[in-house]
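Visitor: This is what each chain is made of:
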Amino acid sequence: MTTDLYTVISNKQVAPSIFSMTVKDHLNLPVQPGQFHMLKTLAAEPLLPRPLSINDVENETLTFLYEVKGDGTKNLAALTTGQQLRITGPLGQGFNIDGIVGDARLPKVLLVAGGIGIAPFKYLARSLKKKATVSLAAGFRSNPYAIDDFKEFVDDIKIATEDGSYGVEGRVTLVFNPADFDVVIACGPTPMMRAVKEMCKQAKVKCILSMEARMACGIGACLGCTIRTTKGMLRVCADGPVFDANEVIFND
Amino acid sequence: MTKESLAQVPDLSVDLCKITLKNPVIAASGTCGFGLELMPFYHPSVLGGFSTKGLTLYPRPGNHGIRLHETRAGLMNSIGLQNPGTEVFVKEILPKIRGLTNCLIANVGGSDFDDYIEAVEMVSAADVDMIELNISCPNVKCGGMAFGIRTQDAAAIVKAVRPACKKPLMVKLSPNAHDLVEVALAVQDEGADCLSLVNTFSALAIDVYTRKPVFNNVTAGLSGPAIKPIALRMTRDVAKAVQIPVVGMGGIETGIDAIEFIMAGATAVQVGTAGMVQPDILPKIIDEMAQFMASQGISNLMEIQGII
Numbered sequence: 175m176t177t178d179l180y181t182v183i184s185n186k187q188v189a190p191s192i193f194s195m196t197v198k199d200h201l202n203l204p205v206q207p208g209q210f211h212m213l214k215t216l217a218a219e220p221l222l223p224r225p226l227s228i229n230d231v232e233n234e235t236l237t238f239l240y241e242v243k244g245d246g247t248k249n250l251a252a253l254t255t256g257q258q259l260r261i262t263g264p265l266g267q268g269f270n271i272d273g274i275v276g277d278a279r280l281p282k283v284l285l286v287a288g289g290i291g292i293a294p295f296k297y298l299a300r301s302l303k304k305k306a307t308v309s310l311a312a313g314f315r316s317n318p319y320a321i322d323d324f325k326e327f328v329d330d331i332k333i334a335t336e337d338g339s340y341g342v343e344g345r346v347t348l349v350f351n352p353a354d355f356d357v358v359i360a361c362g363p364t365p366m367m368r369a370v371k372e373m374c375k376q377a378k379v380k381c382i383l384s385m386e387a388r389m390a391c392g393i394g395a396c397l398g399c400t401i402r403t404t405k406g407m408l409r410v411c412a413d414g415p416v417f418d419a420n421e422v423i424f425n426d
Numbered sequence: 463m464t465k466e467s468l469a470q471v472p473d474l475s476v477d478l479c480k481i482t483l484k485n486p487v488i489a490a491s492g493t494c495g496f497g498l499e500l501m502p503f504y505h506p507s508v509l510g511g512f513s514t515k516g517l518t519l520y521p522r523p524g525n526h527g528i529r530l531h532e533t534r535a536g537l538m539n540s541i542g543l544q545n546p547g548t549e550v551f552v553k554e555i556l557p558k559i560r561g562l563t564n565c566l567i568a569n570v571g572g573s574d575f576d577d578y579i580e581a582v583e584m585v586s587a588a589d590v591d592m593i594e595l596n597i598s599c600p601n602v603k604c605g606g607m608a609f610g611i612r613t614q615d616a617a618a619i620v621k622a623v624r625p626a627c628k629k630p631l632m633v634k635l636s637p638n639a640h641d642l643v644e645v646a647l648a649v650q651d652e653g654a655d656c657l658s659l660v661n662t663f664s665a666l667a668i669d670v671y672t673r674k675p676v677f678n679n680v681t682a683g684l685s686g687p688a689i690k691p692i693a694l695r696m697t698r699d700v701a702k703a704v705q706i707p708v709v710g711m712g713g714i715e716t717g718i719d720a721i722e723f724i725m726a727g728a729t730a731v732q733v734g735t736a737g738m739v740q741p742d743i744l745p746k747i748i749d750e751m752a753q754f755m756a757s758q759g760i761s762n763l764m765e766i767q768g769i770i
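As you go down the protein sequences, you meet chains A and B in turn. As numbered in this note's numbering, the first sequence has no gaps in its residue numbers, which increase by one up to the final residue, 426. As numbered in this note's numbering, the second sequence has no gaps in its residue numbers, which increase by one up to the final residue, 770.
Extracted from the complex, chain B is given alone in its bound form (with noise of 0.2 Å):
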């Protein structure tokens, strides 16, 4: 690099809900495990910030059978938020975390009111920077069907954790949604600090010669750069109609990808399935969007957040 390049370093710092990212990277939930996972490739505090596997009050085994599934440009999963549960993550997780980023989020899920409630209340007073709440897992209060679905149940959930939530709460999205920026505004006006969209799309794959659904569950969610351009479409809708920062995510493998989530409206972008496919792929792209702002003459993000 020569030295007019180096004067020439363009600034990857976004401001997220009064927290200083040094880059609009962010390690997508259930992707990159609590952080240590990512160690022998990178340290973690090159991300703008990584958010941990979804945490549930209660330990969960998670789901039997088969749980990933391949498809053209995509990836299927069904987990089923096997995690340690919140207390374990507290006190014994989060202690071997902490150093590991500057902003560190805990995605928070959970199955009826009063579990989303104690799990967030427990976390958000614990030493995280963001609480990120997942709404998109299986309800069995809303008879089966997610927290991100309806508007109504959104905005209930939201209006139930949020007193209890002692940090930023990042709400994440379902792509699932019946009206997707209905469901923002109604998460917005409940308190949410900030967003992050999309979460998987619920979809189908059948073994032909079983006769049967490839996942236990019969559905499973799609992720992967088949869902790039509509995921980038949902950020653009919601970011134009809300006014709080919009984390988008759906599909990212480049530099290029994030800038055209960060042109959509995005304020920062959170990367899974490509970091699977290659597990030093986030500081990659956090390079190439350095060097695609530098070769633009764009100093700061700013200058192009949100110009679609």
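In isolation and in its complexed conformation, chain A is listed as follows (with noise of 0.2 Å):
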């Protein structure tokens, strides 16, 4: 990991509120599935960086598919090509690909996305290509987006939206049985993973969840992100954000 500025290439919104961005990626580090940077803009504020997670690698670049929430993604919104912002970076422990495949021969992976919980899916399906069947299930609130950018990857995609806008009309845990899949992959916002957790352990099914939180440092110094877990209080910059799902305890 380290800290340097980057060169944007393109930044473009896909769908209202999402953006993807990708960057020069002239350091070439090695980047995991499910790892994430900090991004900030060379403005003073907000204070922060932000954790977005890592949508591709390619070609000597990096891609974040982000949602304008606050302050921090509307200025990284706002970036044009040719400028600079400031990336630290790959952090976190990813998706172990070994861990997920095991011994099995093509085992099938479901990959369960609620919104712009899809950010990191991208890379671990094309990381997973020709190693196991890949499947995504993906819940919106209403226009579904970054769906075509499976196609290649995954054998199946089905989409949920709250709306009825697309898809099956509801939650995207409607659309898919953890029992048909030998592991569950899940990011998006907590009661989405709660549900999911709670549906794999009723099917015995392996699952890992990419967890987000509030964060500082982003390289496991200030405790500032830290989940409850079986294991105690763990810091999801530098702990996760990829968790074994029994390890996770979600509040109340």
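Because the hints were derived from the structure by calculation, they are not lab data. Only a predicted model underlies this, so the values are computations on that prediction, with no experimental measurement involved. Be aware that a few hints might be false.
As the list claims (entries may be wrong) - Taking lysine-lysine pairs in the DSSO-like style, the calculated list, with each CA pair at most 27 Å apart, reads:
id, chain 1, residue 1, chain 2, residue 2
1, A, K304, A, K325
2, B, K628, A, K248
3, A, K282, A, K303
4, B, K480, B, K674
5, A, K405, A, K371
6, B, K628, A, K405
7, A, K304, A, K243
8, B, K746, A, K198
9, B, K746, A, K243
10, B, K628, B, K553
11, A, K303, A, K198
12, A, K378, A, K303
13, A, K325, A, K405
14, A, K405, B, K558
15, A, K325, A, K380
Stated by the list, open to error - To give an idea of the chain B side of the interface with chain A (calculated C-beta under 8 Å), a few residues:
id, residue
16, I528
17, L530
18, N539
Stated by the list, open to error - Label pairs and their computed distance ranges (CB to CB):
id, chain 1, residue 1, chain 2, residue 2, range
19, B, E644, A, T181, 50 to 58 Å
20, A, I183, B, Y504, 50 to 58 Å
21, A, D322, B, K553, 52 to 60 Å
22, B, E644, A, K198, 54 to 62 Å
23, A, D322, B, D742, 54 to 62 Å
24, B, H505, A, A218, 27 to 35 Å
25, B, P502, A, T254, 26 to 34 Å
26, B, Q753, A, T181, 20 to 28 Å
27, B, K553, A, G406, 14 to 22 Å
28, B, Y504, A, T181, 51 to 59 Å
Cβ coordinates follow ideal geometry from the N, Cα and C atoms, glycine included.
Two chains, two frames, some hints: make the complex.
Guide: Structure (structure tokens):
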């Protein structure tokens, strides 16, 4: 991991509030799927960089898919081709491809995405190609996005929208049965993660979660992003963001 | 760099309680873990020193709920002293980090006198260079106030731990003290070897949609550039009043900020929040201090220390 200035190659809106930014990966550091970077424009405010999972790594570029939620992501969305920003990374423990695939021949892997939780799955799906049979179940509030990215890597795509504008109307948990898979990997809002963990537990299927948290340092130093786990308070930034679902304790 | 400018490389070294720091920039407690987290970005030996995550006698899980909240030019935190305890520190962590710096400062806190004394005794007997006594963490014996708020509490805790402390004792003061200069003088009288200030400012953030405080503990500590002018004024107030060295901190982001603290009377500085914004900022701050000194013909920081 390192911290350096990177140059924007493209930064475009792909759906309402959803942007895809590609930067030149001049350092070409090895990146695991599921790892993240801390991104900050050269503006003084807001103070802290924003943690964004890696969406894709290809041809000496890094791509981040992100939702504009506050001032930090608003600044990122305003960047144009050729501008510079500070990126620190790659950070955290990503998806363990060997652990996911295990000894099985082409195990059946399901990726469950809630909203912008789809971001880390493109690079994961690319990394699992030819090693696993990958399906995607993606839930959105309304318009789906980034789905076309998956066509070359996954065998099956199921979509749910809360307003019924596309696919099945309702939550993403309606469109899959964990018992059909060897491993389920989820990334999305906390209620979805809690539900997916519970479904997998009932079905006795291995479940892996990519967690999100407010962060300050991103490098494991400040202990600001910890979550409750069976191993105590663990840092999402350095011990995660990828955790075995059995370890994660959801509050309430 | 030309030969001429090489000849004028300024001397950033400072003496702090008979320890020579190669430069006055120390990574602040709670923002650099145990030093190992910095390794991907720079070797901690380039710093004047670093102060560990706050240690308590017994392991603490830290606070639940939101621990961080960003504000204009600032960061509020309520980590709750999550740490593995002094025994794990001494036996398992210290051997791994001892070689990272020649000024290893162990930050020690507690919740009552006995905890403080035992923790300081254990850690100061180990191979650390200095103890930084945190007297701004919650204290049940004083009705939820902090040891650093009232002068008599601050004096009492320093008096209690001083005999147990086998290393130079730096006392980290709270800007929330009722009378900071009075606390500083009392702590000096009880045997502190130096002071560090300021810790975070007690602050409040409200989520108007849930109609609740952002933090479970209601208040949290504010750090970052927002506090710098106040921290600078407090550093000067205290440095003018005491005879022992003062380590200044609060919102330092640049070498120029650090120079301001030196001019305000600090012997050294600590940097916290800025290092979380950009993990390699501390070596840059050191470089900027050297550049400033070279550009101004300052060969030694003592020339400008406390000139304001």
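Visitor: Would you mind marking each hint as holding or not holding in the structure?
Guide: Status of each hint after checking the structure:
no. : hint                          : in the structure
1   : A/K304 <-> A/K325             : 14 Å, holds
2   : B/K628 <-> A/K248             : 52 Å, violated
3   : A/K282 <-> A/K303             : 12 Å, holds
4   : B/K480 <-> B/K674             : 49 Å, violated
5   : A/K405 <-> A/K371             : 17 Å, holds
6   : B/K628 <-> A/K405             : 35 Å, violated
7   : A/K304 <-> A/K243             : 36 Å, violated
8   : B/K746 <-> A/K198             : 24 Å, holds
9   : B/K746 <-> A/K243             : 31 Å, violated
10  : B/K628 <-> B/K553             : 18 Å, holds
11  : A/K303 <-> A/K198             : 24 Å, holds
12  : A/K378 <-> A/K303             : 25 Å, holds
13  : A/K325 <-> A/K405             : 38 Å, violated
14  : A/K405 <-> B/K558             : 22 Å, holds
15  : A/K325 <-> A/K380             : 25 Å, holds
16  : I528                          : 7 Å, holds
17  : L530                          : 4 Å, holds
18  : N539                          : 6 Å, holds
19  : B/E644 <-> A/T181: 50 to 58 Å : 54 Å, holds
20  : A/I183 <-> B/Y504: 50 to 58 Å : 29 Å, violated
21  : A/D322 <-> B/K553: 52 to 60 Å : 55 Å, holds
22  : B/E644 <-> A/K198: 54 to 62 Å : 56 Å, holds
23  : A/D322 <-> B/D742: 54 to 62 Å : 38 Å, violated
24  : B/H505 <-> A/A218: 27 to 35 Å : 28 Å, holds
25  : B/P502 <-> A/T254: 26 to 34 Å : 30 Å, holds
26  : B/Q753 <-> A/T181: 20 to 28 Å : 26 Å, holds
27  : B/K553 <-> A/G406: 14 to 22 Å : 18 Å, holds
28  : B/Y504 <-> A/T181: 51 to 59 Å : 23 Å, violated
Violation of the numbered hints given earlier is confined to hints 2, 4, 6, 7, 9, 13, 20, 23 and 28; the remaining hints are satisfied by the structure.
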